[in-house]
Amino acid sequence: MTFALVGNQNSGKTTLFNQLTGANQHVGNFPGVTVESKSGFVRGYKDVEVVDLPGIYSIRAYSSEETVTRDFILNNKPDGIINIVDATNIERNLYLTLQLIELRIPMVLALNMMDEVRSNGGTIDIEMMSERLGIPVVPISAAKNEGIDELIRVAYETASKRELPKIYDFCSPGPIHRCIHAICHVIEDHAQDADLPLRFATSKLIEGDDDKIISRLNLDKNELELIDHSIVEMEKEHGLDCNAALADMRYSFIESVCDGAVVKARESKEHLRSAKIDLVLTNKYAAIPIFFGVMLLIFYLTFNVIGKFLQDLLQSGIDSLSSVTETALTSFGTNEIAKSLVIDGLFAGVGSVLSFLPIIVVLFFFLSILEDTGYMARIAFVMDKSLRKIGLSGRSIVPMLIGFGCTVPAVMATRTLSSERDRKMTILLTPYMSCSAKIPIYAVFSAALFPKYAALVMIGLYIFGILVGILIALLMNHSMYRGNPIPFVMELPNYRFPSPKTVAMLLWDKAKDFITKAFTIIFFATLAIWFFSTFDIRLNPVESQSSSILASIGAFIAPIFAPLGFGSWQVSTSLITGFIAKESVISTLGILTSAPGGVVNAISQMFTPRSGLSFLIFTLLYTPCVAAVSAICRELHSKLKGIGVVVFQCVTAWIFAFIVYQIAGLFMV
Amino acid sequence: MDDLTLDKLSAGSVGVITAVGGEGALRCRLLDMGLIPRTKVKVVKTAPMGDPVEIRLRDYALTIRLADAALIKVRPLNGDGEEKEPVGGAAT
Numbered sequence: 001m002t003f004a005l006v007g008n009q010n011s012g013k014t015t016l017f018n019q020l021t022g023a024n025q026h027v028g029n030f031p032g033v034t035v036e037s038k039s040g041f042v043r044g045y046k047d048v049e050v051v052d053l054p055g056i057y058s059i060r061a062y063s064s065e066e067t068v069t070r071d072f073i074l075n076n077k078p079d080g081i082i083n084i085v086d087a088t089n090i091e092r093n094l095y096l097t098l099q100l101i102e103l104r105i106p107m108v109l110a111l112n113m114m115d116e117v118r119s120n121g122g123t124i125d126i127e128m129m130s131e132r133l134g135i136p137v138v139p140i141s142a143a144k145n146e147g148i149d150e151l152i153r154v155a156y157e158t159a160s161k162r163e164l165p166k167i168y169d170f171c172s173p174g175p176i177h178r179c180i181h182a183i184c185h186v187i188e189d190h191a192q193d194a195d196l197p198l199r200f201a202t203s204k205l206i207e208g209d210d211d212k213i214i215s216r217l218n219l220d221k222n223e224l225e226l227i228d229h230s231i232v233e234m235e236k237e238h239g240l241d242c243n244a245a246l247a248d249m250r251y252s253f254i255e256s257v258c259d260g261a262v263v264k265a266r267e268s269k270e271h272l273r274s275a276k277i278d279l280v281l282t283n284k285y286a287a288i289p290i291f292f293g294v295m296l297l298i299f300y301l302t303f304n305v306i307g308k309f310l311q312d313l314l315q316s317g318i319d320s321l322s323s324v325t326e327t328a329l330t331s332f333g334t335n336e337i338a339k340s341l342v343i344d345g346l347f348a349g350v351g352s353v354l355s356f357l358p359i360i361v362v363l364f365f366f367l368s369i370l371e372d373t374g375y376m377a378r379i380a381f382v383m384d385k386s387l388r389k390i391g392l393s394g395r396s397i398v399p400m401l402i403g404f405g406c407t408v409p410a411v412m413a414t415r416t417l418s419s420e421r422d423r424k425m426t427i428l429l430t431p432y433m434s435c436s437a438k439i440p441i442y443a444v445f446s447a448a449l450f451p452k453y454a455a456l457v458m459i460g461l462y463i464f465g466i467l468v469g470i471l472i473a474l475l476m477n478h479s480m481y482r483g484n485p486i487p488f489v490m491e492l493p494n495y496r497f498p499s500p501k502t503v504a505m506l507l508w509d510k511a512k513d514f515i516t517k518a519f520t521i522i523f524f525a526t527l528a529i530w531f532f533s534t535f536d537i538r539l540n541p542v543e544s545q546s547s548s549i550l551a552s553i554g555a556f557i558a559p560i561f562a563p564l565g566f567g568s569w570q571v572s573t574s575l576i577t578g579f580i581a582k583e584s585v586i587s588t589l590g591i592l593t594s595a596p597g598g599v600v601n602a603i604s605q606m607f608t609p610r611s612g613l614s615f616l617i618f619t620l621l622y623t624p625c626v627a628a629v630s631a632i633c634r635e636l637h638s639k640l641k642g643i644g645v646v647v648f649q650c651v652t653a654w655i656f657a658f659i660v661y662q663i664a665g666l667f668m669v
Numbered sequence: 001m002d003d004l005t006l007d008k009l010s011a012g013s014v015g016v017i018t019a020v021g022g023e024g025a026l027r028c029r030l031l032d033m034g035l036i037p038r039t040k041v042k043v044v045k046t047a048p049m050g051d052p053v054e055i056r057l058r059d060y061a062l063t064i065r066l067a068d069a070a071l072i073k074v075r076p077l078n079g080d081g082e083e084k085e086p087v088g089g090a091a092t
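Protein sequences, first through last, are from chains A and B. Counting from 1, one number per residue, gives the positions in the first sequence under the working numbering. Counting from 1, one number per residue, gives the positions in the second sequence under the working numbering.
To be clear, the hints were calculated from the coordinates, so they are not data collected in a lab. Treat the hints with care, since some could be wrong.
Which bits of chain B does chain A cover? Going by a derived footprint, with three or more residues having C-beta under 8 angstroms, they are [claimed, not checked]:
1. 28 to 41
2. 50 to 63
Using C-beta positions, here's what the derived DEER-type ranges look like [stated by the list, open to error]:
3. Ser160(A) / Gly50(B): 51 to 57 angstroms
4. Arg38(B) / Arg162(A): 37 to 43 angstroms
5. Ile515(A) / Ala19(B): 36 to 42 angstroms
6. Leu456(A) / Ala11(B): 40 to 46 angstroms
When the alpha-carbon atoms are kept at most 20 angstroms apart in a straight line, the in silico SDA-like pairs for lysine to any residue are as follows [as the list claims (entries may be wrong)]:
7. Lys276(A) / Glu54(B)
8. Lys276(A) / Lys73(B)
9. Lys389(A) / Pro37(B)
10. Lys236(A) / Pro37(B)
11. Lys73(B) / Cys242(A)
12. Lys641(A) / Gly345(A)
13. Lys284(A) / Leu66(B)
14. Lys385(A) / Thr46(B)
15. Lys45(B) / Tyr375(A)
16. Lys438(A) / Val646(A)
In this text, a Cβ means the ideal position worked out from N, Cα and C, and glycines have one as well.
Same shape as in the complex, but just chain A:
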């Protein structure tokens, strides 16, 4: 038996999903569904599965979240729908309920946050609601785990008996009523043939926003004209156009459902508290400084304190395990190559995968708190204006800022963006926010070539990255992502205390996701680099790196970089190793040049300030590391697009480095 869990954003849907399923969750792949949806088995019911569909406010065909919900329910035909409704915000939540009722699937209403309603002195007459809506209503509190067992029981019963919603007429006598029934009459047979719920199809015809459904009905010209005619008649009589009239009908019905059944609290404590917090957090003068303060604190704690501590701990664990193994292998007299495979290949590979883990977990701990408390919505509110010019909304600012720390969690953090278009654009733009692993490159090059202007060069590079990002965003707006962006009409939920269980589940999810999916690609990439740097073309182990396959590949591609001013094989080889981890660029350069006086000295001999600058621009913009690319592939659901990002960024980097090199030629030697 399968249930679809549907509800508004901020209705506590994820919390309820976690309460229903516990740890029995997996990412579901449903045919034709591009947005990932999770599913899990209900606690205590081995054969009852719940699918967590995206949080939506309405079923229209304007966003992928909405079409996913529509398609899942129409095509996969779940045995039942569990519709979660925020009882503190019942009118707007019931709007979706009415649309779900039209889909003719057994349905249960889970009235969430009833504890808040009661503690504020409000009441909701459950029986009256249930009777007026024609579906069972179960009061619950997902955060406090109250009423969940009852919800499961009622849902199971309703679905087993295949009890359809008893009411589906939301219109009172009048023009809309006449229009709906006239259309129903015309399309009745068509809807049956197309296997579409009649009322839903009628609504879609009146709203006219879903061509896919309308074409499925296979109406002929006369019928379409008849339908158009009744809509025009209705609009004339009613005074409102079709969309407003239908929305008006639904909200009027909701008001009649709530009338007498819902006694609102005079003032809710949660709202008063939120208003007080907002006096500070969205304050005209304090809001922006507070936001940057919060982000800086999160960065500091993640990259310098907690994350770093865990990373060092993990590193020393791997190091000691690696050195114990090395000693053992040496004393056993193992072949040098095999030993190198274990130590430099396997251990280094596992190490580089695991080194990301602490940062991801710690960062997502803070992010989930920002999201679940409701502060993330305020950030979007405060920062929206700054991102609007590049065609994004305020929601994208957080993933982009995280990009300055590490692209991997930044790309993973786009998951919370509610629009697919914004999500994709943000994913493509985050790599232009220079990640912290590139800092050593900037530092060493500045020290070698621009000792007096090191700080200026650093800041300049960051700004240059942002500017290129903006340019790319503008280009995307005029090409790939042209058209109307998803409207920025966003709810500002009350501030709430995050549920520890939800936070813990999210961390577990992200860690598992990263380890299981990123492991293979990063691990094999590391092994490949080990192989290429250990052997020469004839597969003989090499004495020094300079005769390895890697160096040959470096030498082979070196001419590509000649127009940028750095055509030597050492530099191109180090750029290849930078694909594994940006930190490797400098260490590889050090090994390959093996110059006396260290890498700084080597760089000042190999590069002029002009070619150095061009190299810095190239490293700033070229392909993100393999871990980031694998994250991008996962979030874009396409390996091909991931490879596209690699190629696109390398080309962009080359072009900009070339331009900078040419312009710098006018001023420098």
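Chain B: place on chain A using the hints.
Same frame as chain A, now just chain B:
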């Protein structure tokens, strides 16, 4: 008082929606969120950079951009109307 557009309503004041303009996805979204004629809305505050605005309707808070708010016509309520508890969809 004459009808204004919602973006012209100053922070703290209340109005009743008389018409919702716009088209396509934006308009549907506004209607879906409960911004329909006869609904009371209160402008709570403006974001620090002057845009978007926070509004309150039907017991919840919503943020919309000024350009979108300009598509919504409202009849401002005077102090009197503000004092009385609204019937449908409170703006507290």
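Hint numbers contradicted by this structure
When the structure is compared with the hints, numbers 5, 8, 9 and 12 turn out to be violated.
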